[in-house]
Structure formats: structure tokens, C-alpha cells
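J.: So the chains spell out like this:
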Amino acid sequence: MKYFKETLYDAICQEFRVDKMYFEQKTDHQHLMIFHNAMLGRVMTLDGIVQTTEADEFMYHEMLTHVPILAHGAVKKLLIIGGGDGGILREVLKHDAIDVTQVEIDKAVIDMAVEYLPKHSDSAYDNPRANIIIDDGMAFVKDCSEKFDVIIVDGTDPIGPGEVLFTEDFYAHCKNCLNEDGVIVTQNGVPFLQIEEVKNTHQRLGQHFTDATFYTVAVPTYYGGLMTLAWASNNVELRQVSLEILEQRFKEAKLNTRYYNPAIHLASFALPQYIVNQLD
Amino acid sequence: MTTTARTVIYGASEDDCRFYQSSVEKHGSPLLLFDSSKLKQQYRSLQQALPNVDLFYAIKALPQIDVLKVIDELDAGFDVASSGELDILLGLKVGGRRTIHTHPIKSDKDIRDALRFGSTTFVIDNLDELKKLQPYRGRIGILLRVSFRSENAKVDLSKKFGCTEDEVANIIFQAEQLGLHIKGLSFHVGSQVETSDKHVAAIQSCRDMMLELNQKAKAPLSILDIGGGFPGNYALQSIDIMKFCQPIRDALASLPEDWHIYAEPGRYLIAPAVTCVTTIIGKSMRYGMPWYYLDDGVYGSFSGKIFDHAEYPLQVLKEGETSPSVLAGPTCDSIDIIDEQIELPELKIGDFIIGHQMGAYTAATRTRFNLLKEAKFIVL
Numbered sequence: 001m002k003y004f005k006e007t008l009y010d011a012i013c014q015e016f017r018v019d020k021m022y023f024e025q026k027t028d029h030q031h032l033m034i035f036h037n038a039m040l041g042r043v044m045t046l047d048g049i050v051q052t053t054e055a056d057e058f059m060y061h062e063m064l065t066h067v068p069i070l071a072h073g074a075v076k077k078l079l080i081i082g083g084g085d086g087g088i089l090r091e092v093l094k095h096d097a098i099d100v101t102q103v104e105i106d107k108a109v110i111d112m113a114v115e116y117l118p119k120h121s122d123s124a125y126d127n128p129r130a131n132i133i134i135d136d137g138m139a140f141v142k143d144c145s146e147k148f149d150v151i152i153v154d155g156t157d158p159i160g161p162g163e164v165l166f167t168e169d170f171y172a173h174c175k176n177c178l179n180e181d182g183v184i185v186t187q188n189g190v191p192f193l194q195i196e197e198v199k200n201t202h203q204r205l206g207q208h209f210t211d212a213t214f215y216t217v218a219v220p221t222y223y224g225g226l227m228t229l230a231w232a233s234n235n236v237e238l239r240q241v242s243l244e245i246l247e248q249r250f251k252e253a254k255l256n257t258r259y260y261n262p263a264i265h266l267a268s269f270a271l272p273q274y275i276v277n278q279l280d
Numbered sequence: 001m002t003t004t005a006r007t008v009i010y011g012a013s014e015d016d017c018r019f020y021q022s023s024v025e026k027h028g029s030p031l032l033l034f035d036s037s038k039l040k041q042q043y044r045s046l047q048q049a050l051p052n053v054d055l056f057y058a059i060k061a062l063p064q065i066d067v068l069k070v071i072d073e074l075d076a077g078f079d080v081a082s083s084g085e086l087d088i089l090l091g092l093k094v095g096g097r098r099t100i101h102t103h104p105i106k107s108d109k110d111i112r113d114a115l116r117f118g119s120t121t122f123v124i125d126n127l128d129e130l131k132k133l134q135p136y137r138g139r140i141g142i143l144l145r146v147s148f149r150s151e152n153a154k155v156d157l158s159k160k161f162g163c164t165e166d167e168v169a170n171i172i173f174q175a176e177q178l179g180l181h182i183k184g185l186s187f188h189v190g191s192q193v194e195t196s197d198k199h200v201a202a203i204q205s206c207r208d209m210m211l212e213l214n215q216k217a218k219a220p221l222s223i224l225d226i227g228g229g230f231p232g233n234y235a236l237q238s239i240d241i242m243k244f245c246q247p248i249r250d251a252l253a254s255l256p257e258d259w260h261i262y263a264e265p266g267r268y269l270i271a272p273a274v275t276c277v278t279t280i281i282g283k284s285m286r287y288g289m290p291w292y293y294l295d296d297g298v299y300g301s302f303s304g305k306i307f308d309h310a311e312y313p314l315q316v317l318k319e320g321e322t323s324p325s326v327l328a329g330p331t332c333d334s335i336d337i338i339d340e341q342i343e344l345p346e347l348k349i350g351d352f353i354i355g356h357q358m359g360a361y362t363a364a365t366r367t368r369f370n371l372l373k374e375a376k377f378i379v380l
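As given, the protein sequences belong to chains F and X, one line each in that order.
Taking this note's numbering, I'd label the letters of the first sequence as residues 1 to 280.
Taking this note's numbering, I'd label the letters of the second sequence as residues 1 to 380.
Treat the hints as calculated values from the structure; they're not laboratory data.
None of these values were measured; they are calculated from a predicted model.
Hints are not guaranteed to be accurate.
Said to hold, decoys possible - For lysine-lysine, the following DSS-like pairs were computed, each having C-alpha atoms within a straight-line distance of at most 25 Å:
hint : chain 1 : residue 1 : chain 2 : residue 2
1    : X       : Lys109    : F       : Lys5
2    : F       : Lys26     : X       : Lys69
3    : F       : Lys199    : X       : Lys132
4    : X       : Lys26     : X       : Lys60
5    : X       : Lys109    : F       : Lys26
6    : F       : Lys26     : F       : Lys5
Claimed, not checked - Short, incomplete list of chain F residues facing chain X, as computed with Cβ under 7 Å:
hint : residue
7    : Tyr9
8    : Asp10
9    : His31
10   : Asp47
11   : Lys94
12   : Ala97
13   : Gln194
14   : Pro262
15   : Leu266
Stated by the list, open to error - Negatives, chain F to chain X, calculated, CB over 10 Å:
hint : residue
16   : His36
17   : Glu196
18   : Leu226
Ideal Cβ placement from N, Cα and C applies to all residues, glycine included.
Using the sequences and the hints given, assemble the complete structure.
T.: Quick look at the structure:
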């Protein structure tokens, strides 16, 4: 394959030159590739959709990780669902006091990412604070008796293997695994082109949490402008923490980030009207 | 449906005889011999005959991996109708943007499988089908299939599918109400039509409808899929595809330049590229006629006799005085007869019967009846 053409939308698509194919695997109905592109570094695609690139992954991973952790302020236990590439785990482990459980359905994804996308996990899978469980995320939260302060859902597109992670049942089980002050955040697509996802997720999370909303990050290779990250909690104050407090927490955590900072944290909850209009 | 007399070739060159003999010695019998250069040649001829048309090979005609590889090398598109067909393409690493999903009736799983594969063009012909696509409206493009009945076609593909011309405007309007975009029209005049008159009439009707709709539609219709129907050469007379397509080219020339034209050839591309070799495994005299029993029949490679109404040109390698004979297939069923009145010289067990033009809707529709061994597919 000399060029990769994304297949998310019929009328438009982004195309990447494949400079070197590192890994290509077809299993059952799934087609996974990792290749090098001169501008973006290593690119991982699944079923014709860009999952992550070395060049811009920091934007997504930092925002999906540090926003809930610093908003909460005292996270001790954190659960990652999915996230096999290790980017979220790497960011979470930057916080010294947090014990992480990561539930990934497919061990092969982790092995493959460690080998071909090593910068994503940056040795995070060797860290003793990381408890890696190979299981179906849905099954895990359904049977889980533990409680977490933060749940980060880093899944794929809702059409495909990550489908179940967008269901109301899944959110209901997640709620049962969260402490009272806990928060769940999830990857939720690019609303300019996938407005249904915002509508559906808001409605489904709203059944189980008093505060369900979104914050945004613009990841260049998730084509289409802002990406929404869903946010749900029963503690509305979590997203009203002041800039001063966030700055203090940021400083104490000694985070070295490239996208996240307290100002963008607060600003990211301001939503453009085309998204707000979906939340009524 | 019209019936065509079968073409029979008597005798063969020494080279041909040796070739069939050695193929069977090497691979056994029955065989389907695939000549990829013939497929490439057919593709190039059709490309020349329809220069500004994107060609999507109708996988259903012969969903054989070696065939699909050649189509892939030619950089052609693929017309898919099921998740199973997508799975084969996945194995070949064909990208979704080179495919169109043309089955008018789909389950939600079919739609999701196609989207996961990256196939984003779907065909509908009614409102129920339209509603199934609503959850995916942001991702997809829809072609509306219109029915133009064709009495002269051997297989009338507009009976089962396609809305009437009267329904078009309402379906487009309903789609807009649901937030779905119908990006164009498609039609199938039927397979093996003798002239391109039906294509031309359908192109003109679609053009007129699209131009009129585009005056009001929120987003213009810009794609016309003219389907298939390009002839197979069962009479073994040279088919001038340039000439067959001349009226189509003229009709297409009257379309706005920025429209995209698709076609879904199957038979024209693959039929001549596959030759069937069968062996006589038994004979008897019945009702005063010689009966020859072959190792392949209508439950196998000759299934198109039943499903596709095709009478394939047959070749016997011998010449000699002929008499009316019967060619029967190997299964226990009495319907398994390839020809019950064919002039043949006297043949013996072990002789070959060669079936030409046997690429399209042959192996694709065979059954496993009697659990007979299917013809081995050999790439030449």
C-alpha cells in the first residue's frame, strides 16, 4: 500500500503517504496498520480510520488524562478501558500517587504497540504501578467490585470493536465502579462530522450522571475540527475548579506537557454553539 | 427470456489437445482454467469503450481470489453485495474507497460491516431501506436505484429491485427530511441485452430526472451508475464493444461534465477469461441416443444454465460424423443435464468436453449437491 485513504466519510477523505509499512495485520473483520509518514511519524490505523500518530498523539492523550485527574485533585485509583497503545497509561503514570488498572481486550494490541509504537507507552507497561488486565471492558466493569476515582475510556470508533463502549449499559456499569466524587471521560468523535455521537452519548450518560457534558481538543489527524471528549460525574463542582487551584495542582504534579495547561483545561469546557445545540 | 442455440466447436489444434490433456494430468478433472491476460484485455477494451466511466467489477460474477487480485492490479473498483465479499477484499488489502455496496436490501449488520470495511456508498430503492441508513447519515453517500424494465434482457434485473420513476422525487425529498444525501441514481437494464438501447434510454431518463431534481435539491445529485449488462460472448462471434457502447458514449456526452459515471461490469470482464474442462466419466444408450455423463454439471460449474439461462459454447476435441446426443452432469438428479439435443461425434469415456466463456455466474452459483468435488480453479 503506497497511500492510505481514510474511509470515515463518503464525500471527503484524508490521504497519507505510506513511507514505510512497519506492521499490517488482518484478523477476522479487522485491519490494523502501522506505517511511517514523513510529516506525522508513525501512524496507526484500524479499519481504515486513523487511530493515533506520533506527531499529534500528545494532544489527545494529555487532554483525556490530565483534565479529569487535575479536576478531581486527589485521584488514587484510576481505570483505563482500552488504550492499548499505552499513551494514556504513560500520561497517568506521570502522577506519582495514582495506581492504574488498565483493561484492554486484546493483548496483541499492547504487544504490537510496544514493539511498533514504542514512544506511545514509553515503557509504561513495565511500571509496577500499572495493573494490566486482558479482558472485555464491558465484562470488567459489569463484575467489578472495586471503586475508582477516574475512568478513562480510550476506545475506537462506535462502528467496530469499540461499539459496546458507547452503550448506556456500559455507562451504567461504569457508574457503579466510580466513587461518589468520581468522573468518567470518553473519546467521543469529531462532532462537526459526527454530530449523532454527541447527541447519543449525552443522552446516554445523562441517564446515569447529574453532570454530563463535553470538553474539546483539536487533534489535527482526527480530521474535522474539534474533537469532543465526554465528561460525566455526579459532582458538578469538578469542572468548576478555579484556575488558581488547577495551577497549584499542575505545579505540584510537576507535569511536563505540550498541550495541557490549566488555562486550556478550563477553556476546553467552553463549547461552540453547534455542539451546545445538541445538548438540550 | 429468449433461448439461444448453443455454439459447438468440433475438433481442436494439436497444441490445444495437448494443453487440455496435460492440464488434466497435472490437476485432475474437472477444471476451471483462468487466463488473467484475457481478463486484463477485456478490462482495457471496456475502459476504452467507456472512457470516462469508473468501472467496478461485480464480484458476484466470480468471487475468486485470483480474479480479484487481477482486478486489484488493474486498479479497478469493486462492486460488492455482501459482507462475505468484503471479507475477501479485506484479505487482499483493498481499500474501502475503491468499493461500492450495491445490494438494495441490507441488514443493519451488513451496513455496519461495510462501514467498518470503509465502503461508504450504498444503494437503496425504497423508504424502509432509506431509514436503515439514517443512523449513519454523516458518513455515507446513497445511490437510488431506479427500475427500467427490459423485456429483451435474458435476466431482467429491474423486476426485483429499483423504484419507479414516479417514486424518485418523493424518495429524494424524504431523504432530505431525514438528513440523508442521495448523491445519484443507478439502474440495471438486465444482463445480456442485445443492444445498448435500454442503457441509452435509462441514461436519458436519469439525466432528465437529475437535472430537474438538482434545481430544487439541497445538495446536487452528481453520480450516475449505469450498472452492467455488457454482453458475454456465448455465440463466439466477435463482439465489438466499442460499437456496442457507442450509443452509451453519446448519451453520456450529454451529461454535465462534473458528474461521475459508474458502471458495474461482471460478465463482460470475466466470462471469456475462464474455460471449463470436463471429462466423460460414463456413457449409455438411452431412448436411442448416446448419453455422456460428465464430471461437472448444472449443480457445479454449469449452474449458470439454471440460474443465468446461459448456454455455454462447448468444444469436443474430435471431429467425425455427429448424431444427436445428451450431455449429463454427475449428480443423481435428472435435472442435471447440460444439453439434451447436442450434435456430437461418438465419444468415449475419458474424452474431454471443453466449456468456453465460463467465467461469469458459473462457479459463483454452484452447489454442494451430492458432495461432489468442485472443479479446481487453475490460474494459467
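J.: Find the nearest Cβ of chain X to the Cβ of His36 (chain F) and say whether that gap is larger than 10 Å.
T.: His36 (chain F) clear of chain X: closest Cβ-Cβ about 17 Å, beyond 10 Å.
J.: Is the Cβ of Glu196 (chain F) more than 10 Å away from each Cβ in chain X?
T.: violated, 6 Å
J.: Less than 7 Å between beta-carbons is the criterion; does Asp47 (chain F) satisfy it with respect to chain X?
T.: Check passed: Cβ of Asp47 (chain F) comes within 5 Å of chain X, closer than 7 Å.
J.: Over 10 Å to the closest beta carbon of chain X is the bar; see if Leu226 (chain F) clears it.
T.: holds, 15 Å
J.: Any CB of chain X closer than 7 Å to the CB of Lys94 (chain F)?
T.: With a closest approach of 34 Å, the Lys94 (chain F) hint is violated.
J.: Taken at face value, is the distance from the CA of Lys26 (chain F) to the CA of Lys109 (chain X) at most 25 Å?
T.: Given pair Lys109 (chain X), Lys26 (chain F) holds - Cα atoms ~20 Å apart, limit 25 Å.
J.: Hint validation: Ala97 (chain F) versus chain X, beta carbon distance must be below 7 Å. Holds or violated?
T.: violated, 40 Å
J.: Grab the minimum C-beta distance from His31 (chain F) to chain X and call the hint holds if it beats 7 Å, violated otherwise.
T.: holds, 6 Å
J.: Taking the closest Cβ pair, is Pro262 (chain F) under 7 Å from chain X?
T.: Cβ of Pro262 (chain F) sits 34 Å from chain X, so the hint is violated.
J.: Is the Cα-Cα distance between Lys109 (chain X) and Lys5 (chain F) 25 Å or less?
T.: OK: Lys109 (chain X) and Lys5 (chain F) at ~23 Å, within 25 Å.
J.: At a threshold of 7 Å, is the proposed contact between Asp10 (chain F) and chain X supported by beta-carbon distances?
T.: Holds: closest Cβ of chain X sits about 4 Å from Asp10 (chain F), inside 7 Å.
J.: Should the interface hint for Tyr9 (chain F) be scored as holding, given a Cβ-Cβ cut-off of 7 Å against chain X?
T.: For Tyr9 (chain F), the interface hint holds, since the closest Cβ of chain X sits about 5 Å away, which is under 7 Å.
Consistency note: the structure conflicts with the earlier hints numbered 4, 11, 12, 14, 15 and 17.
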